[in-house]
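The sequence shown begins at 96 in our numbering and counts up one residue at a time.
Don't read these hints as lab results, they were simulated from the structure.
Be careful, since some hints might not be right.
To be verified - Quick list of in silico lysine-lysine cross-link-like pairs, PhoX-like style, CA-CA up to 20 Å:
| hint | residue 1 | residue 2 |
| --- | --- | --- |
| 1 | K161 | K108 |
| 2 | K157 | K110 |
| 3 | K157 | K109 |
| 4 | K109 | K145 |
| 5 | K110 | K161 |
| 6 | K165 | K219 |
| 7 | K149 | K110 |
| 8 | K109 | K164 |
| 9 | K117 | K157 |
| 10 | K110 | K145 |
| 11 | K145 | K108 |
| 12 | K117 | K145 |
| 13 | K161 | K109 |
| 14 | K157 | K108 |
| 15 | K145 | K164 |
| 16 | K108 | K165 |
Quick caveat: nothing in here was measured; it's all calculated off a predicted structure.
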Amino acid sequence: MFIHFSIMMIIFKKKSKKFDQKIYDIFFYNIENNLRELGFGDVSVNKKMKDLNKVLYDILLKIEVKNEKKFMLNHQLILTYFNDLNDQKSNEYLEFNSYFVDFFNFCYELSLDNMVEDAINFRK
96 MFIHFSIMMI
106 IFKKKSKKFD
116 QKIYDIFFYN
126 IENNLRELGF
136 GDVSVNKKMK
146 DLNKVLYDIL
156 LKIEVKNEKK
166 FMLNHQLILT
176 YFNDLNDQKS
186 NEYLEFNSYF
196 VDFFNFCYEL
206 SLDNMVEDAI
216 NFRK
């Protein structure tokens, strides 16, 4: 979920448009509500939300290999969060990488006004 969201935020930046704060707020509001429905208390929810916010920004800042003409996933970042994807030549990693590169390309072609809603239609 954070990788998808980060990719959308990156596309907005590449197209020189500011990502709507309202979308960001709704995204985290829904996560917070789900944590509360799972029975987490106020202190636990606040701590988890702080941790999740750090994870999102870690992914957002490191997901893309810089200085590349096309979008490429940063393998080191993926390895940080997905230990099973340590072999860049494995089928699992290749599929994972291909999925997110295709997702980036799909979303990049969408209108920024409707990208968040239209990204739901992505099929690999």
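Outcome of the hint check:
1. Using a Cα cut-off of 20 Å, the hinted pair K161 and K108 holds, with the two alpha carbons roughly 14 Å apart.
2. With a CA separation close to 19 Å, the supplied pair K157 and K110 stays within the 20 Å bound.
3. Straight-line distance between C-alpha atoms of K157 and K109 comes to about 15 Å, which keeps the hinted pair within the 20 Å bound.
4. With a C-alpha separation of about 27 Å, the suggested pair K109 and K145 falls outside the 20 Å cut-off, and the hint is violated.
5. Between K110 and K161 the alpha-carbon distance is near 16 Å, which keeps this suggested pair within the 20 Å criterion.
6. Taken as a hint, the K165 and K219 pair is honoured in the structure, with Cα atoms around 19 Å apart against an allowance of 20 Å.
7. For the proposed pair K149 and K110, the alpha carbon gap of about 24 Å is over 20 Å, so the pair is violated.
8. At roughly 12 Å between alpha-carbon atoms, K109 and K164 fall within 20 Å of each other, so this suggested pair holds.
9. For the given pair, K117 sits about 23 Å from K157 by alpha-carbon distance, which is inconsistent with the 20 Å threshold.
10. Proximity of K110 to K145 is assessed by CA-CA distance (about 29 Å); at most 20 Å being required, the pair is judged violated.
11. As the CA atoms of K145 and K108 are separated by approximately 24 Å, the hinted pair breaks the 20 Å bound.
12. For the suggested pair K117 and K145, the alpha carbons sit about 18 Å apart, so the restraint of at most 20 Å is met.
13. Under the criterion of a C-alpha separation no larger than 20 Å, the hint pairing K161 with K109 is consistent with the structure, at around 12 Å.
14. Only pairs whose Cα atoms come within 20 Å are accepted, and K157 paired with K108 is accepted, the gap being roughly 14 Å.
15. This hinted pair does not check out: K145 and K164 have alpha carbons roughly 33 Å apart, beyond 20 Å.
16. Straight-line distance between C-alpha atoms of K108 and K165 comes to about 15 Å, which keeps the hinted pair within the 20 Å bound.
In this structure, the hints that do not hold are numbers 4, 7, 9, 10, 11 and 15, in rising order.
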